[in-house]
Structure formats: structure tokens, C-alpha cells
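Residue-level listing of the chains:
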Amino acid sequence: MQLRGNKQVYRPHIAERNLTTLKRGESGTLDRIDLPEDDARRLMEMGFLPGHAVTSANAAPGGDPRVFRVDGSEVALRRETARHLILR
Amino acid sequence: MDDCHGASTATAPPPAGVAARQHIVAIVGPPNSGKSTLFNRLTGLRQKVANFPGVTVEHRMGRVRLEHHREVYVVDLPGVYSLQPRTEDERVTHDVLTGQMESLPRPDAVMLILDSTNLSRHLALAAPVLSLGLPTLVILNMADDLDRRGGEINAAELSRQLSSPVALISASKNTGIDKVLDFLSGATLTQAPKAPLMQLPVIQDVPKCRDWAANLSRRTEYRAPAPPMWTRRLDAIFLHPVVGPLVFLAVVIGVFQTIFTGARPLMDAVQAAIETSGQWMEAALPESALRSLLVDGIWTGVGSVIVFLPQILLLFLFIGILEDSGYLARAALIADRTMAKIGLQGKSFIPLLSAYACAVPAIMATRTIENKRDRIATILIAPFMTCSARLPVYTLVIAAFIPEKPLLGIFFGTRAAALLGLYALGFLAAIFTAGILKSTVLKSARAPFMLEMPPYRWPTLRSLLLRLLDRSKVFLRRAGTVILAVAIVLWFLSSFPLKDGKAPEISQSFAGTIGHAVEPVLQPLGFNWKIGIGLITSFAAREVIVGTLGTIYAVEGTSESIGLQEALRHELTPGGAAALLIFFAFAMQCMSTIAVVRRETGGWRWPIVQFTYMTLFAYGFAFLAYRIVN
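Residue numbers (numbering that gives the first Met the number 0), protein chains in the order written: chain A, 0 to 87; chain B, 0 to 629.
These aren't lab readings, by the way, just hints derived from the structure by calculation. Just so it is clear, CB atoms sit at the ideal spot from N, CA and C, and this is done for glycine as well. Among the hints, erroneous ones may be present.
Claimed, not checked - Sample of chain A residues facing chain B (criterion: CB under 10 angstroms; computed from the structure):
no., residue
1, E15
2, D38
3, S72
Unchecked claim - Listed below are the simulated DMTMM-like cross-link pairs for lysine to aspartate or glutamate, each with C-alpha atoms no more than 25 angstroms apart in a straight line:
no., chain 1, residue 1, chain 2, residue 2
4, B, K437, A, D37
5, B, K371, A, E36
6, B, K437, A, E36
Unchecked claim - To be clear about the criterion: a stretch of chain A counts as covered by chain B if any three or more of its residues have a C-beta under 8 angstroms from a C-beta of chain B, and this derived list gives those stretches:
no., segment
7, 39 to 49
8, 53 to 66
9, 75 to 82
Hey, can you work out the whole structure from these sequences and the hints?
Given below as C-alpha cells:
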């Protein structure tokens, strides 16, 4: 579990897959959340825990925010948040 | 335990009506676990809403009747996923459960309510709750859903592992409630609980708590139910890229149309009832200052606010249906992108839409926004939306100053264009203000937007009715206190000092004196003292200015009154008329709104900031309008 405080410095690698790279209906396994600790904790409490499977589901018109199925719940995240949830 | 309870009541007095020996039980659970349904089921009408001092979070307190005329108090706390006090909701729940909330003694016991269809995740909340060391009943709600979708749980084993009683219930279908009542009336309520068989995890560590919960659900042979197929099917429609927004628009237009036109006959009926009963009182009582106070002051003043009750109730009926059915979360999702452009979020949409009817229910509806900053921002911009009390003022001034000319055939003329322009102005002012707020006062690292999509459910009539009753009580209590006080003050100002033992002409009254006194301030806007009096009385409700001007000019005081339109044309230059419209578009001329903002934000700070800002904003733009038009 890696938590980084400064999201300005952070740039996702090309190779790194995050929640926004999932197409509708696709699943992936969450690796880590690159957000400040408080935000990461909130996401974890909603079910976004490292090691858990996340499935991309419906979205608002335009594809943002998008609903993700995780740990028995459906939670909508904005693209700006979803791209900080890194997949294995 | 008894000693402990005695000690806590000694330091913190119990809330009004709670006898010292009566027990308090807190309901704790994550959002959407059915806390309120259970609370309503247990307490029915024996409940009331209260605010903790200094916080915006409200809690509901109710009495549960048990056998042998005994009663237990139940307090419904905000929904939380953990007991880490980070948000205001979590802090309130944490403080109440640990006995740190000043206005409430520490509860004697806890009812932890969890959604049984999502137990492997929700059980994680059991760890921090059980570590409080209070007698706890673990309630697994929505047992009917679990059963129907093929899920299973060994409740007896769960009870053994946690060393606490467990009840498998359906709060909406009213099954298993007897187990809850058994807990509330039983001896376990006051016995110190045994430590859980399964050792509790470090409660600050989310993954550890989740692992603990997973382990627990394995030991209790929990089988998660199949996914909610109906919800998936409905979402395929409601969140469809093309159909979804169309359904959304249809819902929005339907709600808007109903609160506007559907509420009209009801509002007219309430208006007629107030007027008729006022006349009846006038005839029944001998002429005196007291009669004038009762009829002209209190009855008419409070009546001008109560007229909005049908509209408010209708609006809350819709919001209740949207929220209880689960569609509100989908609507928030669809609206989020648009709302994000002005620095708000999807959940602000329905409150802001409601504000087109009346800012009061809109501000009460912001309770569905968990993020406090977004909620305050929504509250602060809601009164800019063109509420229905502005319409009579707009209609009067537009009719008096703008000649009707067709612009687009017979359907759209100059007057309609002017009205539409005023709606647009209010909306633009709201966007502008939201922008300022987000980059100044409410600027800070924003919490990420997270919106849980609950499964669709049928709203129950019982919970809808209880909600309506609750909202009306809140609104009428405002009408009965702040609004009553302001109505009396306004009556006093316009009925005194007495001339030859009789009420004075309005120009000779205190209101007239104040009108004269503020005239220099209003002169730059092109208003004279008569308009000044109207501005003062319009605090009761904006449309009251129409009646006041009617009284001053001794003509019929309605928007359609030709006499009043004539009088206004004499009184105001076109620039002054434009200034008056702009002033009403932007100023917070409404005591009900001020009162409700104070209640919802837990103090006078925000209503004062908001009132000052809106008045200065209105004054500035009215001045500009006066200069430009003249």
C-alpha cells in the first residue's frame, strides 16, 4: 500500500493501468491508491481495498463520473479520482 | 453500568423529556443500511428532530413503547462507514457513542444496523462499534432481500463469535422487529457485554478491519446474495447514454411542473382559508389594537409564509420518492458533470432545482449532500434562484413598465422575455457566487467525489408520510417562532405611533419614518420612501411588497391591479423600475430563508455573511441598472 501526499508531482506511467483504463464491463485488481491518506482511507472504507477486484460499470453521459462495482457495492467516482486508483 | 449512567447524567442533563432513569439506545450503521426505516418502525410518531449545538448535523430522538408502560429512548445517528472522526457526521456519531456530546448523555446501548446483502464489507463497522464496550445488538437488515437473492448467514454463529445478540430483520417488511424489542426491554441492555470470541482488529486499520470482517463472514457461513438483477436492469435504462438523460429530463420537468402548477390550487385554497378566517376574526372581535395585531399582524404575516406550505410539502414528497427509491443517486450522477463546471457536485442539483419553487425546502434538501463544503456552497447560492415569491413582484413591475410586443409570434413577447431574463440573471448570479465561494471562503483540498448507488427499492408510504410530517413540523416551527416575531415587529412598525387613538396613515407610521430615513440610501437606485416601506415589509415574504404598495397608494394591492400599475409608473422612472427588478432578483429579502439557513448551518455566521453579500450584490447591480437605463 503506497500513499503519496502530493498529487501534483505524480504522473501516471504509460504502462500503469488505473480505473479509467478499464472499459465498461472489464475488471481489474486494485494495487494501490495514489491519493492523500485521508482520501485513500475514505475510498478504502467504500470498498476500494488493494487486492480487491473492481469492475467498471455504467457512467453518466460522457463517461464521467463512472460507476464501479467493488466489494458488493456500486460506487461512482469522477475521472479525476479514478485515475489515482492504480491496478495491478 | 447503572453507576456509569448515573455519572453521565450528572454531568450532562438529559434532553427535554428524558427522565434520569430512562435508557438511551443509539442506532448506528452505514448509509443506506435502513437506519431511518428501523427508527421510524420503532418510534412512529413519537419522534422529533434536533440539532446538536454548533454543528449542522441533526439527529432524531424518539421513544419506543415497551410492555408494562416502559419506554426507551432511541437516537438515530448519521450514517458512517467507520468511527474515525474525520467528517462532521463521523465526529457526531463518534462523540455521542463515546459520551463526549455535551447535550446528550452517553447511550446505554447500541443497535448496530448492517445491510445483510453486503455483509462481508459492512461487518467491518462491527469492530469499532464493539470495541466501545457498550451492550450491542447487531441487526442484519434487509433479510428479505438476502433470502430472495439466495444469500445465507448463520446468525447464531455470528452471535457466538461476537458475544452479542444478533437479529435478522427486514425493517421495511416489518419482520424480526420483536427481537429488537426484546433487546430494548431485556436485561442485556444494561449488562456489561462480554468480549467477542473473535478478537477485534486494530480499528484504525481499514484493510485489517476488512480482513477481520471477511474472516468473520467465513466463520458464520455467509453466502453473499446474487447481484440485484432488477437494479442492473433499471440502471441499463436510467444510466443508458441516450435514454438515461431523457428520463432524467422528464423527471426534472415533471417535478418542476408539479410544484409550480400542481401546487397552485392548494396554495390558493390555503390563501383563501387564511383570508376568510382573518375576516371572520375581524368580524368577531371588537375593534382594538389587539384585533389589529391578531388579524393584520400575526394572521396575515404568518399566513403569507404558510401559503408556501403546499408547495414545500409537494416538493418533499418528490424528493422523498426520489431518495427512497434510489433514483436520486442516479440523478446526481447524471447531473454531476454539469454541476462540477460551477464547482459543485451532482447532489447539489435537486436542491438548486427546488429553489426555483422556494429556497426554504431547497436549503432543507441540502441534507442529502454529505460533503460539508459543497453543502454550504449550495445553501449560499440557493436563494439566487428565482423563487415563486418573486413572481408577483416581477409580474407587477413588468406589467407596469414593459409594453407587450410580440418577439417570436404570439407565444413569446417582450414581457415573457423580460421574465426569462430575470430567471437567467438569478442563475448567473448563482454561478458567479459559486465560483467566488469555491476559490475563496470554501477553498481547500476537496474530498474526492464518491457516490454510492444503492439498489432500487419501493418507497414505503409510511416513511414518506413521516418525512412529510417531519418537514412540515420544521417549517411550521419556523413560522411559529422567527416568522411570528418578525410579523409582529412589522405590524408594530406600520401601526404605530397612534394618531388620535387610531392607527396612522402608513406614511406617518414608524415604517413610514424608517422609509423616509432610508430614502437617501435608496435614492441612488431611484427608489423613494414608499418603495422603502415596501422593501421593509417584503421581509415577511417577497410578494408582500405588492400588498404594501397597494395600501400606500390606497388601490387594490395585487399584481394585476391597473391602479397599482398606474401609481408605480408615476412613482418610478424606467431606471428605477429596472433597479427594483434587479434588487428583487438578487437580495435576500426573506426572513424564512434567513431562519432556515441559521438552523441548517448551526449558527448566525453563514446567514449574516449571506445576507450581507446578497444585499450588497443587489444594491450594486440595482445601482448599475438605474444608471444604465436612465
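Hints and how they fare:
A distance limit of 10 angstroms between C-beta atoms decides the matter here; for A:E15 the minimum to chain B is near 19 angstroms, and the interface restraint is violated. Restraint check, A:D38 versus chain B: the minimum CB separation of about 5 angstroms is within 10 angstroms; hint holds. At a threshold of 10 angstroms, the smallest CB-CB gap from A:S72 to chain B is about 6 angstroms, leaving the interface hint in force. A threshold of 25 angstroms between alpha carbons decides the hint, and for B:K437 with A:D37 the separation of about 21 angstroms falls inside it, so the pair holds.
Distance hint between B:K371 and A:E36 is fulfilled; the C-alpha atoms sit about 19 angstroms from each other, no more than 25 angstroms. Distance check on the hinted pair: B:K437 and A:E36 sit about 23 angstroms apart at the alpha-carbon level, within 25 angstroms; holds. For the segment 39 to 49 of chain A, the assignment as covered by chain B holds, since 9 residues bring a beta-carbon within under 8 angstroms of that chain's beta-carbons and 3 suffice. As drawn, the segment 53 to 66 of chain A meets chain B at 9 residues by the rule of a beta-carbon pair under 8 angstroms; at three or more, the given contact holds.
For the segment 75 to 82 of chain A, the stated coverage by chain B is satisfied: 5 residues place a CB nearer than 8 angstroms to a CB of that chain, which reaches the threshold of 3.
In terms of the numbered hints stated before, the structure departs from hint 1 and from no other.
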